[in-house]
Amino acid sequence: MELTFCIAGGVAVLSTALMLTRLNLVHSLLYLVVSLLGVGVVFFVLGAPFAAALEAIVYAGAIMVLFLFVVMMLNIGSQSAEEEKRWLTPGIWTGPAILASLLLIEVAYLAGTGSFGSTTGSIGPKAVGMALFGPYVIGVELASMLLLAGLVGAYHLGFRTPEKPEIRHDADTDERRTDTSGDLVLAGADRPARTP
Amino acid sequence: MFSLGLTGLLVRRNLIFVLMSLEVMLNAAGLAFIAAGSRWHQPDGQVMFLFILTMAAAEVAVGLALVLQVYHRFKSLDVDMLSGMRG
Chain L
17 MELTFCIAGG VAVLSTALML TRLNLVHSLL YLVVSLLGVG VVFFVLGAPF AAALEAIVYA
77 GAIMVLFLFV VMMLNIGSQS AEEEKRWLTP GIWTGPAILA SLLLIEVAYL AGTGSFGSTT
137 GSIGPKAVGM ALFGPYVIGV ELASMLLLAG LVGAYHLGFR TPEKPEIRHD ADTDERRTDT
197 SGDLVLAGAD RPARTP
Chain Y
-4 MFSLGLTGLL VRRNLIFVLM SLEVMLNAAG LAFIAAGSRW HQPDGQVMFL FILTMAAAEV
56 AVGLALVLQV YHRFKSLDVD MLSGMRG
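Protein chains in written order, with our numbering: chain L, 17 to 212; chain Y, -4 to 82.
It is worth saying that the hints were derived from the structure and are not from the lab.
Keep in mind the model is a prediction, meaning the values are calculated, not measured.
Check each hint, because a few of them may be wrong.
[Stated by the list, open to error] The following label-pair restraints were derived from C-beta to C-beta distances:
#1 Val42/L to Ala27/Y: 27 to 35 angstroms
#2 Leu158/L to Ala31/Y: 19 to 27 angstroms
#3 Glu18/L to His67/Y: 46 to 54 angstroms
#4 Arg68/Y to Pro141/L: 38 to 46 angstroms
#5 Gly150/L to His67/Y: 40 to 48 angstroms
#6 Val153/L to His36/Y: 18 to 26 angstroms
#7 Met50/Y to Thr37/L: 26 to 34 angstroms
#8 Glu18/L to Arg68/Y: 20 to 28 angstroms
#9 Arg34/Y to Pro141/L: 17 to 25 angstroms
#10 Met50/Y to Met88/L: 34 to 42 angstroms
[Said to hold, decoys possible] Here's a subset of chain L near chain Y, in silico, CB distances under 10 angstroms, partners left out:
#11 Val58
#12 Phe59
#13 Val74
#14 Met89
#15 Leu120
#16 Ala124
#17 Gly128
#18 Tyr171
We put the beta carbon where it would ideally sit given N, CA and C, even for glycine.
Please construct the entire structure, taking both the sequences and the accompanying hints into account.
As structure tokens, then:
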């Protein structure tokens, strides 16, 4: 029991340290996923299987996909195809693969023996649900409001404001309009792009 | 783990690394809650972990949207470039 806890915690801490020292963003994302999975296994060992499942699904699934999506959108460090070819060399994914397979072996061992939470006793999802909707109902409502605010805020920030050429016409001078030979849509196009 | 996340927050100068370090720190706080809850055999620790989880999800969504806006505006993810924040 102690051994499994120490292995999972060691994997989590080691992969976090490796995450911080990688230079490439995608490599450190891989290590971060392994670190989150290691923390999930620690939860499992501590007797909280519901929290372990949520950790694996929400953190390692959803949030990491969000990170990966943004990294791919920003297109940092992946200028061309040979870079991608270089990524597929086995030197890069062996580290996370070894750590993740260690975690997998440990989870298989724990599920085989069925001995999780044997030291302190496991707390099932039923007790968590009873506590969550018993004395913590106001917290649940606050969390739902926070999620709504986060959704609206992310949508508002992610919305790219479209350029409005018809507003810029008011600031244009007459000579610039004659420069564009009456094409009102292109008025103001000779200006330098607005820099922050 | 919390100190590792804090170190990452202070050392790295990339906005995405800063967000990932924040994730690590929130995760460490959740781990402390779970460990305390299992130590005293109460489900309150897991409830607190759920709240931390929802907060982290909302924070990451807003933070990544901000990162996108900053990248489109500054063409960089360097935090030091943003220190002079004038409209």
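Could you tell me whether the CB distance from methionine 50/Y to threonine 37/L stays inside 26 to 34 angstroms?
Given about 27 angstroms between the Cβ atoms, the range holds.
Classify the hint on phenylalanine 59/L as holds or violated, based on whether any CB of chain Y lies nearer than 10 angstroms to its CB.
holds (5 angstroms)
Does alanine 124/L pass the interface check with chain Y, least Cβ-Cβ distance below 10 angstroms?
Given a least distance of 22 angstroms, the restraint on alanine 124/L is violated.
Whether the CB-CB distance between leucine 158/L and alanine 31/Y falls inside 19 to 27 angstroms
holds (21 angstroms)
Using the beta carbons of glycine 150/L and histidine 67/Y, state whether their distance is inside 40 to 48 angstroms or not.
Cβ of glycine 150/L to Cβ of histidine 67/Y: about 46 angstroms, so the range 40 to 48 angstroms holds.
Just tell me: holds or violated, for the beta carbon distance of arginine 34/Y and proline 141/L against 17 to 25 angstroms?
holds (19 angstroms)
Under 10 angstroms is the threshold here; is the Cβ of glycine 128/L close enough to any Cβ of chain Y for the hint to stand?
violated (22 angstroms)
Does the CB of valine 58/L sit less than 10 angstroms away from some CB of chain Y?
holds (7 angstroms)
Starting from the hint 18 to 26 angstroms, judge whether the C-beta atoms of valine 153/L and histidine 36/Y obey it.
Holds: the Cβ-Cβ distance is about 22 angstroms, inside 18 to 26 angstroms.
Would the stated hint for leucine 120/L survive a check requiring a Cβ distance to chain Y of less than 10 angstroms?
Nearest chain Y Cβ about 20 angstroms off; hint violated.
Between glutamate 18/L and arginine 68/Y, does the C-beta distance stay in 20 to 28 angstroms?
Roughly 51 angstroms apart at Cβ, these two residues miss the hinted range, so it is violated.
Cβ separation of valine 42/L and alanine 27/Y, checked against the hinted range 27 to 35 angstroms:
At 29 angstroms between Cβs, range holds.
Hints 8, 10, 15, 16 and 17 from the earlier list are contradicted by this structure; the remaining hints agree with it.
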